[in-house]
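K.L.:
The lines below spell out each chain.
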Amino acid sequence: MSEIKKIKKGLNINLKGKAEKVFIKAKPSETYAVKPIDFAGLMPKLSVVEGDEVKAGTTLFYSKSDSRIKFTAPMCGRVKEIIRGERRKIQEVIIEACDKIEYETFVKADPSSLDRKAIIENLLESGLWPSIKQRPYNIIANPDNTPKSIFISGIDSAPLGVDYDFLMQDCEKEFQVGVHALRKLTKGNVHLSINGKYPPVKAFKNVKNTEIHKFTGPHPVGNVGTQIHHIDPINKGEIVWTVEPQNVVMIGKLFLNGRYDARKIVALTGSEVYKPRYYKVISGCCITSLTEDNVRKGNQRYISGNVLTGKQIEPDGYLGFYDSSVTIIPEGNEYKFLGWLSPGFNKFSSSPSFLSRLIPNKEFTINSNLNGGRRALMITGQFEKVFPMDIYPMQLLKAIIIEDIDLMEKLGIYEVAEEDFALCEFVDTSKTEIQAIVRKGLDLMIKEMN
Amino acid sequence: MKGLRNYLNKIKPNFEKGGKLEKLHTLYDAIDTFLFVPDKVAKTGTHIRDSIDMKRTMIIVVIAMVPALLFGMWNVGYHHFLSIGELAGKTLWQIFGYGFLRVLPLILVSYVTGLTIEIIFSHIRNHEVPEGFFVTGMLIPMIMPVDVPLWMVSVSTAFAVIIGIEVFGGSGMNILNPALTARAFLFFAYPSSMSGDKVWISGLKNGESVVDGFTGETVMGYAANGKLSEMNFSPHDMFMGTIPGSIGETSTLAILIGAVILIVTGIGSWKIITSVFAGGAFIGLILNLFAVNDYMSLPYWQHLIIGGFAFGAVFMATDPVSAAQTEKGKFIYGFLIGILAILIRVLNPAYPEGVMLAILLMNVFAPLIDHYVIEANIKKRMKRLKASRA
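Just so you know, the sequences run in chain order A and B. Following the working numbering, the numbering of the first sequence begins with 9 at its first residue and continues without gaps. Following the working numbering, the numbering of the second sequence begins with 408 at its first residue and continues without gaps.
No wet-lab data here; the hints were simulated from the structure. All of these numbers come straight from a predicted model, not from anything done at the bench. Built from N, CA and C at the ideal position, the CB exists for glycine as well. Worth double-checking, as some hints may not be accurate.
[To be verified] Where chain B lies over chain A, by a calculated footprint (3+ residues, C-beta under 8 Å):
no.: 1; segment: 348 to 354
no.: 2; segment: 374 to 386
no.: 3; segment: 422 to 435
no.: 4; segment: 439 to 446
[Stated by the list, open to error] Below are the DSS-like pairs computed for lysine-lysine, each with C-alpha atoms no more than 27 Å apart in a straight line:
no.: 5; chain 1: A; residue 1: 439; chain 2: B; residue 2: 430
no.: 6; chain 1: A; residue 1: 393; chain 2: B; residue 2: 735
no.: 7; chain 1: B; residue 1: 786; chain 2: A; residue 2: 244
no.: 8; chain 1: B; residue 1: 786; chain 2: A; residue 2: 406
no.: 9; chain 1: B; residue 1: 447; chain 2: A; residue 2: 344
no.: 10; chain 1: B; residue 1: 786; chain 2: A; residue 2: 17
no.: 11; chain 1: B; residue 1: 786; chain 2: A; residue 2: 14
no.: 12; chain 1: A; residue 1: 355; chain 2: B; residue 2: 447
no.: 13; chain 1: A; residue 1: 13; chain 2: B; residue 2: 793
no.: 14; chain 1: B; residue 1: 419; chain 2: A; residue 2: 439
no.: 15; chain 1: B; residue 1: 450; chain 2: A; residue 2: 455
no.: 16; chain 1: B; residue 1: 790; chain 2: A; residue 2: 156
no.: 17; chain 1: A; residue 1: 244; chain 2: B; residue 2: 787
no.: 18; chain 1: B; residue 1: 450; chain 2: A; residue 2: 355
no.: 19; chain 1: B; residue 1: 417; chain 2: B; residue 2: 427
no.: 20; chain 1: A; residue 1: 393; chain 2: B; residue 2: 787
no.: 21; chain 1: A; residue 1: 16; chain 2: B; residue 2: 786
no.: 22; chain 1: A; residue 1: 439; chain 2: B; residue 2: 450
no.: 23; chain 1: A; residue 1: 406; chain 2: B; residue 2: 790
no.: 24; chain 1: A; residue 1: 406; chain 2: B; residue 2: 787
no.: 25; chain 1: A; residue 1: 319; chain 2: B; residue 2: 447
Build out the structure end to end from the sequences listed, making use of the hints.
P.N.:
So this is what it looks like as structure tokens:
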């Protein structure tokens, strides 16, 4: 096993409401949803209409640009509603769950006995293909490409992130089969990054056919982008794929059982949750099955994912495709008298100008207030402290704003995704919407390069 | 505070679009956001944001300037009474009070002029009023001689805000440090009010009775005229600041207190501050080695405590907008400011003080420094690409 890679730059945001390491079997959700908005740049085409009966694994919609990429139902039942937003854009396909789960059948075979094409075919058909993302651009992988390598991050360092060493306890076999399948898709290695601080969970420790890397340091050490940068950075023209551990398990189950088995574990976290814990659910479930009687009354913000990169959802919204946590924090739409002058014992900041820095290990309740007004990008040196890549974040951001493709490329746009800039957005004094700018830049690159 | 908030909420509609006082919206907004951090929430991206904002950033810089400002006020009184021979018997409060009354009008004029223009431009641009002028408005009087006429402060502030900031697109887009732009404007437009031996002491210009032997010359003045040997200020005086000079620049000690505040809070770049001092000391040493006159042989460390060197290093060079923006670039930028400031000071007899020009010059070159720093990063990436293709 390789030596430990230490990441120095970054920021741990110590929030209140960390999930206690207890598994709770969630009350079965009555409805499930698959949301096209979870997939950047996707133009969905429907395969079902309202009222259709579906099994777990039945295609609900597919990508307009590549009809092979299918999105399937995580649960059997009846298509209850197709919710559309502006310009009839599909927002959610909602399924009313059946009582006893039935599965579509897919190929059940040892991936080492299958060829690459057959594995890709099986993943595409089952609807698990979208769980494989590609860098550059942080979009669903293109099945025609052969990636340089595949990266799995076994660390979630985000605020209130899940502990993979806890939730991967009982899936050693499935994870291994998933890795075998992925290994066939790349010319290079499957890289698994694990937390260098603790002995890893068996599923990670015993896994074969991968190269294991140990990382320590503050967030964003768990971001797969950070790990790629420090293991085998992406150059122009190169492609790598990334998969999250729980999705590797689902891929494993596909080859073991021939089913799209979307069961996963999510953490219910955040300062507004009475008992933050881990829940066994099925992907795409309605979060009310977790939050019932467990959330403080009041004006709260519900987030599928973590506070840095998650998406805001309704209190009766649905878990996002890629998310392993649901976070609930107070909404911050209130005024604070001379708030910018306070000594700040209770206010979290990366800036030492707040006295809260003097209290180590303090857990903070942070609401969604911007804590200030939008300004020009004036302060320098802030981003660099939380951006552990050999890339100039401010300059790259400015290149994106002025839409200078050539400069974006030179400054390293191929290596980054929105999430890599999340901490920059958090610390930014000027309150700029940085992740949105980065996404715009990535979309622009996709357009220019094709 | 609820009452105040309710009152503001009640009058707010008058200032919004279609309201009676719509034209005063920007002003209302500036006051409202000054009193209350607004209720705006994160819409896209991260759901939580750091507690720091531009108001807090800027107010900390102002707080860091307070020691130098208070000392400057006392120093104005001290030198005034010294010059007319009435120092004996004056209490600390009388001395400070005199200086306070002399300096306060300068501060007021600077703020009123600058903020009025800022608010008008923010209104035209439909922006919130930026906080940068909190700092600039305080810096301008601190780098003026105390006897500068108020109208000059007003004109130079207007020049700095309009030509220095707004023509480039507003706060954050400027190339030059706005406060130094104001000073440079006065320095070249009205040299007689900005240099010589009469302007640094309150009352001297008006020919108030002066005790025999009192000159009012600054250290820089002595040095530029080749009369360093006639000067009777000790390094201790220079460090503590009991010497004539611009209002805020004399006390290195007070400025260093400000530097500590800026560095501890992380608001000012320690990289810039330390490298300016390093650059100054470095060139001072070289001049010492090749000294052919009194000024060149002035011990290198004394350069750092005279004139506006320390003030420039701590409060001017660190302006993040006009400084180099890359972390490596900040070292280079600061070091070159230190070198240039002392070189202009010692080798160019036309300019007794070189800090202002050195910083303005490096403001212009900062983007070039950044360019090369970034170019190096780009080259590294290109090399990696080549290696991977090979």
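K.L.:
Of all the hints given earlier, name the ones this structure violates by number, lowest first.
P.N.:
Violated hints: none; all satisfied.
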